[in-house]
Structures are given as structure tokens and as C-alpha cells.
Amino acid sequence: MAIVICTAGAAAADPLVPNGHLVLAAGVGSHVSRVATRTEGGVDGLVQLGFASGRWQIFVEGKAGTTGIGNTATTPALEMAIDGSRLRGGAEVRWLARQFTPEPDCLIEMSLAATVGIERYAFEDHTRIVRPDLGVGVGWDIRAAKVHDLTTRMEVLLLFTPDERTGLVACRGATCDAGGSNLSGGFEFGFVFGW
Amino acid sequence: MVTRALLALCLFAGVASADDQRVGWDFDLGILPLDHRTFAYGVGLELEQHLAHGWYATTAYRWMWLERSGDPEQFGDGHHLELGLRRTFASTMILPQIRLFVDGEAGVGADLITADARSRALPEAYAGLRAGYTLLRNHQTFAFDLGLRAVAIDRGVGTLFAIAMRWGD
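Chains V and U, in that order, give the protein sequences.
Residue numbers in the first sequence follow this note's numbering, run continuously in steps of one, and reach 195 at the last position.
Residue numbers in the second sequence follow this note's numbering, run continuously in steps of one, and reach 169 at the last position.
So that you can see chain V by itself, here it is in the shape it has in the complex:
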């Protein structure tokens, strides 16, 4: 918290090139999280649409991609692998924390972000999981402010979801709503091109 306060305090006094007025971006990403005591991961395509003003951007985001349990990069090949699809819809607020100007029409920026959304998993064994998520993150981008705000951005989000206490085996063939009292964390990576 102190680091975030320091970031905000130091940046607030600096002049900077503000964001454009529109957020329109598309890209690819990947994610890893925990589902029913197992690690799942996959790759996503994503689109973002919203508004911007000054240091702030607020937008909605849609993601569609794959998911796999027991076959992700972080999990060695196990005998039981379950594949499926994942959808996520959410809203995100992004705040421009720092800016470096190597050339007059080129910016290297740091941003802080917060997001809330809904995830839907559909596994090939007919398991369906719908769960909310809440996240915070950081981003790095290169922006050409004088050329339609062309932006290349990399973002890392920490997403926290309810930790299901019921295993996939017990949920097969049924709809398993997220429950339990604990939060489980995961990562989302995004690499987007924006205008």
C-alpha cells in the first residue's frame, strides 16, 4: 500500500501527455488459475472498448480462449488432462502512473489497473463453472500519442476468485457454482495493440 501511495504521490505532480479519449484494443493473452484444487491454464483472445481521460481509462473487456487442467505449462503432464473453453467478461480501470519520453512522439508508460469480471469454464467432461473475479495489476506500454494513440501494451493482472471446495470429479455433468470462503489467486497476461 505504501508503494502504491508513493507511486501516486510522485506521479501526481508530474506533467504528462494524457491518454486519448477512446480505448479500443485487441490482443492475445494467457492465464493460469486454480479450479477445484487443480491448476488450469490456457490462452485467450481479447478485445477492450471504453473511454479515457487524462490519466484514467475505463473500459469493458471480453476474452475467449482455451483452458486445460493437467496439461498447462506450469503443471507437468499428468495422466488425467481435461480441456475446455473459457470466457471472461469484465470491466477495468487503468491509471497512468509514470511516463518516460525518449522521443517527443514516443512514450514508455507504467500503469496500475483494477478489474472485476465473470469467468465461465466449459470442460469437455461437461463440467460448467461460473465464478466472479476481482483483480489488480500493472502494465507497461509504448504509445505514439501523436499517431492516433497507437499503443503496444503488456499487462499482468492478479485475479482472485472464490476457491471451490468441490472437486471436478464430484461436479462432473453438473453445473458447479463457485463457493467456499477462501480466495484463490491466479495470473492473467495480456499483450494488446490499441488505438
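Hint data in this document are derived by calculation from the structure and do not stem from the laboratory.
Here the structure is a predicted model, which means the values were calculated and not measured.
Any given hint could turn out to be false.
[To be verified] From the structure, some residues in chain U lie toward chain V, with a derived Cβ separation under 7 Å:
| hint | residue |
| --- | --- |
| 1 | V43 |
| 2 | W63 |
| 3 | F142 |
Where a beta carbon is used, it is the ideal one built from N, C-alpha and C, also for glycine.
Keeping the supplied structure of chain V fixed, place chain U upon it in accordance with the hints.
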């Protein structure tokens, strides 16, 4: 204690010259000697404040994903806070606006690890090297570096590799 030190560093940063502050984030991965070998992946926020003669006070918060392979796999997560010092060992300007550097760093920290349905606090000490480049323009800087650090906890010594970016004003 750590929180007070962070706030003191924050206040000091607030009154010092703005040219001497760096803020950024990093992505880390490595192996920690928690129970057996545990893979750790983390994302952190970093704050650095110039003290004198190339010495920087550093602090960081990091959230970590922990995983140990096996059947069943074991996993957890953790919060990490640290305070340390950093100093440039070697640097050279390869262009008027680009400086290469090798820095050394060392410090202490604390981890709150939740794994296998139980939480525990762990003190740690670390030391490492960072190498990268700094872009300079007017009174601004942007630095990118790769780091390798040894992390000592009560169960042994682990290794973390880091990719970091920092903005200075």
C-alpha cells in the same frame, strides 16, 4: 516494523529530489526451498530512493504463486515484503542516452506463505545482481534489467530470476 520502515521510506521519498526516485514493477520466477522444491512466480511493485554516492534504498511488495509438482500437485500463494540496499558496481554510457549497468543488491524481507491449507510467516534475506540498461532524457529515466538473486529462508537457499522495469523522475 516493516510497514513503519516502508512509510518512513515513503515520507523520505516525498521530500527528496524527484530525480532520485524510481518506481516500477517486476516479474519473478524461481525455486524456493519451502517444502522440498517449490516453484515460485511473482509480480511485484518496487520503489527505490537514492541515498548518496550511488546507494539506493529499495522496498518492494510481491505476490507469489507457489506450486510443487506431483500427484496430487501441491500449491499455495504468498505475500512478500522487503527492504534493501542497491548499488551500481559497474556502468558505461554506450550512447548519450543509454547507460548499461550492473548493480548489486541485498536486504531482508518477510513472507506470508499460505500452502497446504495453513499459513506461516517466514523471514528471509537476499543478495543478488541486476544487469540492464537505462534510457535517459532530460530529467527522466527508464530502466530495464534482468536480475538473479539468492534467497535464504530457514529451510535453505533458493534462487529467483527477475525481469524488472523502473521509471525515474
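Where does the structure disagree with the numbered hints, that is, which hint numbers, in rising order? none
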